[in-house]
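Residue numbers (the numbering used here), protein chains in the order written: chain A, -2 to 376; chain B, -2 to 376; chain C, 4 to 519; chain D, 4 to 519.
Calculated from the structure, these hints are not laboratory results. It should be emphasised that the depicted structure is a prediction, and the values quoted were computed from it without experimental measurement. Cβ coordinates follow ideal geometry from the N, Cα and C atoms, glycine included. Be aware that one or more of the hints could be misleading.
[As the list claims (entries may be wrong)] Chain A regions said to be covered by chain C (calculated; three or more residues, Cβ under 8 Å):
# : region
1 : 18 to 26
2 : 71 to 78
3 : 81 to 89
4 : 105 to 114
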Amino acid sequence: MSSQSPKGKVAAPSDSEVLAKLESLAKKLVEQMESGVPPYLVIPVRTMANTIWDRKRKLLVLGPKTARREFFDIGESKRFMQTVLMLSLIVQARREGDYPTIRELYYRGKRTIKYTDERGNKASEETWDDQRESNAVIQDIEVATGLLREHMGVTHDAKGRIVGNMIIRSKGDEIDLSKMGSGAWGIPSFVDKIEILRVEADYVLVVEKGAVFEKLNEEEFWKKNNCILVTGKGQPDRSTRRMVRRLWEEFGLPVYILTDGDSYGFYIYSVYRSGSISLSYESERLATPEARFLGVSPSDIERYELQGFTIKATERDLKRAKELMNYPWFKESKRWMEELELFLEKKEKVEIEAFAKHGLKYLSSEYIPKKIKNKQWII
Amino acid sequence: MSSQSPKGKVAAPSDSEVLAKLESLAKKLVEQMESGVPPYLVIPVRTMANTIWDRKRKLLVLGPKTARREFFDIGESKRFMQTVLMLSLIVQARREGDYPTIRELYYRGKRTIKYTDERGNKASEETWDDQRESNAVIQDIEVATGLLREHMGVTHDAKGRIVGNMIIRSKGDEIDLSKMGSGAWGIPSFVDKIEILRVEADYVLVVEKGAVFEKLNEEEFWKKNNCILVTGKGQPDRSTRRMVRRLWEEFGLPVYILTDGDSYGFYIYSVYRSGSISLSYESERLATPEARFLGVSPSDIERYELQGFTIKATERDLKRAKELMNYPWFKESKRWMEELELFLEKKEKVEIEAFAKHGLKYLSSEYIPKKIKNKQWII
Amino acid sequence: MSEKFRGLSPAEFFHRNREIAGFSNPARALYQAVRELVENSLDATETHGILPFIDVEIRLHEERPEWVVLRVADNGIGIPLSEVPNVFGRVFYGSKYVVRQTRGVFGLGVKMAVLYAQMTTARPIYVKSSPINSRYVGEYLLYIDISRNIPHVQKMRIKKKTKNWHGTIVKLTLEGSWVQAKKRIEDYIRRTALISPYATIRYRSPDGELIFKRVSRELPQPPEIGKYHPRGVDVEVLKELIRATNNASEVTLLEFLVKHFEGVGEKKATEFLQWSGFSPDTKLTELKLADLEVLASKMKTFPGWRRPRPLTLSPLGADLLKKGVKSILKPEFVAAVTRPPSSYSGHAFIVEAAIAYGGEIPPQDTVMLLRFANKMPLLYDEGVDVSRKIIDSIDWSIYKVKLPAPVAVVTHVCSTKIPFKGVGKEAIADVPEVEHELEIAIRDVARRLRAYLSRMEKLYEVKRKEVTIRKYMGEVSSALAYIVNRDPEEINALIEELLKKELAKKEVRPDVVSES
Amino acid sequence: MSEKFRGLSPAEFFHRNREIAGFSNPARALYQAVRELVENSLDATETHGILPFIDVEIRLHEERPEWVVLRVADNGIGIPLSEVPNVFGRVFYGSKYVVRQTRGVFGLGVKMAVLYAQMTTARPIYVKSSPINSRYVGEYLLYIDISRNIPHVQKMRIKKKTKNWHGTIVKLTLEGSWVQAKKRIEDYIRRTALISPYATIRYRSPDGELIFKRVSRELPQPPEIGKYHPRGVDVEVLKELIRATNNASEVTLLEFLVKHFEGVGEKKATEFLQWSGFSPDTKLTELKLADLEVLASKMKTFPGWRRPRPLTLSPLGADLLKKGVKSILKPEFVAAVTRPPSSYSGHAFIVEAAIAYGGEIPPQDTVMLLRFANKMPLLYDEGVDVSRKIIDSIDWSIYKVKLPAPVAVVTHVCSTKIPFKGVGKEAIADVPEVEHELEIAIRDVARRLRAYLSRMEKLYEVKRKEVTIRKYMGEVSSALAYIVNRDPEEINALIEELLKKELAKKEVRPDVVSES
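Chain A extracted, bound-state conformation (with noise of 0.2 Å):
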């Protein structure tokens, strides 16, 4: 499905080619019934037993199970309901210039079936009664249609900021990320319709923190040291996720991420480089495989004399970490092993702001760049 996008120019699919995907999903089940076939539809197994490490890629992809949801297995008919009745709120909104979240999906197809029980007894049921209902048939669509759901025209909370020499076009306005002053252009959920006309910069660095990035675009360091900053404050969201893939994909920018040394830091890294695991479908549009992660490792510690400005790990990072190291690209990494394992053994963890120990400088006149420099990056 992925494919060496054309540098900078619009990556999403067309309107029109969107809904006649969506359509033809629906048009075979009608082919189905009228040829006295009950329905069903054909979804890729979206759990972790269906994916698949690509070692060359360094991405996890979906494996070829599919499953059959049949209409008339009573265990498959309610979620065959749902998958329908969302396939047909996707492609009203497509065919009405609407821009709904998945929230809004969710109240849009909401309601009531009232009905007779087996037993006799009046009965009612909703369509779906929570929100991860509607969600996961969303994910369905996506896989049976290889789609991403920005494609379908679905919004999200975009968190995401960026900031740095380039140019882009977006609806029709020419925007300078450079001059956006004290503040960053928020990046919306819709990336893939954005055209990137030029970007002038050595590499892109991601910070995890968005006070961190604050900090760093008001000292301008973007512009002293030729670079993109981005940050997706915290857990990035999918567009965030997919600016940083264009850059480096479309730019060949290498993409640095720096995060907290804690668990949940190396977790973030690690949505940035492969995503997650049980989305695996995502990672081919989203994930980054090649991002180095620049820091805090727990090896800075000691390397950085940052003893007595760490924070005691507790039980679940402990967990986490230990997740972590099944992970494949960090099983592949001899240089990740030795830091998680470090971190298991010393079971502490060491924020980004620690740095200010040896002066508020610190980190974007020495740690940084030097790190860089020195090529103590891990991956």
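The hints should help you fit chains B, C and D onto chain A, whose structure is shown.
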């Protein structure tokens, strides 16, 4: 302290003014000592009991009570040391042009004091044990000097986004907020340093939820309705509140707040309008006392036929709603008291997205414009 | 500085230490007195093949509101008139000091009730007994002479029988807290009726009358009096048996073993004696004390003994247990099982279990448990009982029981020696052999419940399929119709047709539904 | 169909039902045997004004590893040689059936140990006794004849005394699980040493030797034998007292009351008889049973009786209790109190409490509690004991105790009848009168602890001020110096000078620190 700022101009005191204020605190202490008086600071009391409801300005303000913090009072001496230590850290940052986060200030000042206790045992103590302690003395310095932390160059994780027909100048860049494409301008920490050059809009619409902001922006709601669109993404940060306040104060724009119909949403409205009860000293600069609550209000559930699209309120929701009923700005409003009582009676909450029941365009083309046109907001 | 030494009679001892026997306060004492009399009545009837009719009456004393008059009448075999005074007036006297399953075993309970009555109200006990094989009826008013532990008969009247009635009537006046005890007493009576479905129990109290009519005329096989199992003896038991042997100097060890122990024939005895190094021809009088100690110790550890036989036991049987459960719990379904006999440390035991589902059983968050030991209800300390432990360790979902559910489990352990957890005698300890049998029994009835629930489920399956598809059909039709621009009715008709074909493939086969 | 009736001797009864007396398994039986013998030894010494020396020895049997040999020797008054066989060989025989505080009261414990020994090992008990006022020493090997409940003396040797030793030595061989019991037994011995600080206890076991030397030569006043309190009687007690009266036909009710009951003089007796409607001149023989019932009931409810006097009790006294606590817990501070006598339902009782703090007591999340009743340690069921309830309800911060803290509370209840919660006799029930006294006592010692902790605090206050200011001075100086551009040393000197002036204002007054 507060005075009508000149329209759109930079509203922050200069770095040299800030430094002079901070230094004078320390100078006073040395003078005390030189005249044989054990050193003490005088700090306005930040407790609820010293909070006054200014009915005319519709603001909570700090009362006249102050407390002496004496170094030789052993119940106070640690806090005294922490205050002086923090003062020196902030002075240093200003002298050296740094923009630390509060977390960095915590680490910057954290160290271990070794001493011998009264029983002759070797012992040690941290300058502060956690960030609550360092944050508290930052607040003490704010009230003692009348400066906001932003004036002292302290950055925070700024979440807000803004878009609409307005032009600003920040760090020399002239930025047109109507030319942000699908994206938006990310509001930075230091809003007072921004010059607002031109605003052409009828009102400011603040939406609680990021995803709803994305949707409205994608639909170009602000262009069609000639307004400024802002989101604070949930509980707003200080710079989003300050930006909203400046648009209201300096440009006389009416401000409408759109949140979920639950205690959390009402509380967010309350924060935009009056700030946190426990941080009343901020509200003179951050609050927008005339902010109008556009919805979703409990009475909207019936008015817009959203029964069945509500969520059962939890015990915590109800408890919080009861607390809100004691806030002076709610207490004085007949309409608010009706809505809160209705909420407590029905025990149901409703989300902005529930309007999707009536179609995905209902919110932007019916609910918002009609409510504004028919003056159905409450205050 | 010198001490005065003296002896104490058993009656004096228990008068001073009545809490040992459960007579610790007026509420507990009343409950305990009811139990002792009812259990004696049941032992006097069913153990002897008589269908029990028990009449329990509790009333408040007319003049003294803190006094209670308790009367229990039965149609049992009665008590030989010559034994009546000792049976009621002498601590440590009775007919139950044998190897056999009965309710009471201490010979203590009824005397404690008499003691408690006379120390709190100074009223004698009234006893009327009509022994089954006698032509006479006797009436007695009697006390216990505490310092001498002998009965003191205040009045006595012996008459020729005029009616054919046999049985015993006992009436006591004691201090008792009716209000505090009534919930427990009613519970006790109700559960007793469950475990004795062949009994009619009439219960009259200040709160009104309850009658539990017998639901069966079948009686379980009464227990026989048995011998000691060789694994369950100690030196003192051996000494006692030898002392009771006539011409011990002529009896050999081999003969002794064969005669006195359960499941020991000549072959088995010879095998044992060889194993333990005793000569079969040793005469009993040749055995020294040290030899007896070795003998007892060897008997305890010999691996070759047969299991104890259950002749001494009287389980209820699965059918009767089901009848009892049905009549008291009124469930929709019930299944019961009686396990084959088993043993622990030389004591025979049998486990029974029943499961009941639905009907008048209220749904509860945990499986309701009713415990019985030797046909006595166990009301307290459920939390530490082995049955509760087993039930809590079972994953009930594998038996298709989704808690909260209307489900009750009944367990019944019969043994010549119930392994109680403490002197309270309300909880059975987790002896591995007993736990094993209980778990098998409970899982057995649980499996039958699962089978029942499965059959019920299947009956509804096809119907449910139709209901399910129809439920979602409207949404599916209109969604598809919108996307492909067709009339929803058209799509609906397509689905309807397919559905009819689909349902025709299945046929509904109602099945036998209940075990009960 | 006929039943065989027979009587059972008390020894037979307890042989069959040994768990009633705590002999339920080899671990518990060993622990129980140690207790019974040690408590008899203490009763034989301190009750008679003798400083106890108790020698406890436990060793494993050479040949049979599951057997334990237990030997306890004391320097008590000994047992009259004629009484030895009955005291050890007859259930319900003893010297403790009187109104007086002693440890054992059942006359059962040591016989149960003998019974358990002979049924598990068939070994006789060895007793050597040298009565204090006799010129002879006796040695016995004896059994209990269980079926007849009489002692069976296997060997006996009476010699003239050659040494001045008096006392009793008992040796038993029983089946016992040393490994499982040892923790409990050591705990028991250690706590016994705490509550009997005038005793020397030597304890030898397979794990080694422990000696608890007496820390005081003072003995508490021994208890006297008392009379019944009129509120504590029932009909049966009255009958017994009347039966024991010579020429009952000449004794009047008035005389009877004055003679037999505690705190009843002529005036009080007359007052009572008037109140209850009896004539003072009624002769005892004129009283019918119904009259006795009314008399007992009136005696129970008459509001005018005096409180029972504590002559029958033997508390330890605050000084001795403190000594005991110090020697065993080794705290930094200890305080103790003995409350004035009080009573519940006609039974006298006295409460004592101690508190200990610091030293070798480990800091714990809850207040450590050591409970005693009639000088016996209570080791089990602490969770349901009234003392625990009181301690948990106290807000310890008002006594300046911030948990976790190294603090232990000791409570001791003495009574002719301890209100135990169950037959286990390990937890005291929350009888309001006892609870009230315990709370007063615990709060009293807690207040003394607070006073101590306050004094300690004050001592450190000035010192702490100096330490606190100096601790922060460096940070303050360098921060200020940086801001105002001065030399930190200069600022430091300014603060130093001010601090010296400040400290000079206060003066340090050390105070008496410990109560102990």
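Hints and how they fare:
no.	hint	verdict
1	18 to 26	holds (count 5)
2	71 to 78	holds (count 5)
3	81 to 89	holds (count 6)
4	105 to 114	holds (count 4)
Of the numbered hints given earlier, the model fails none.
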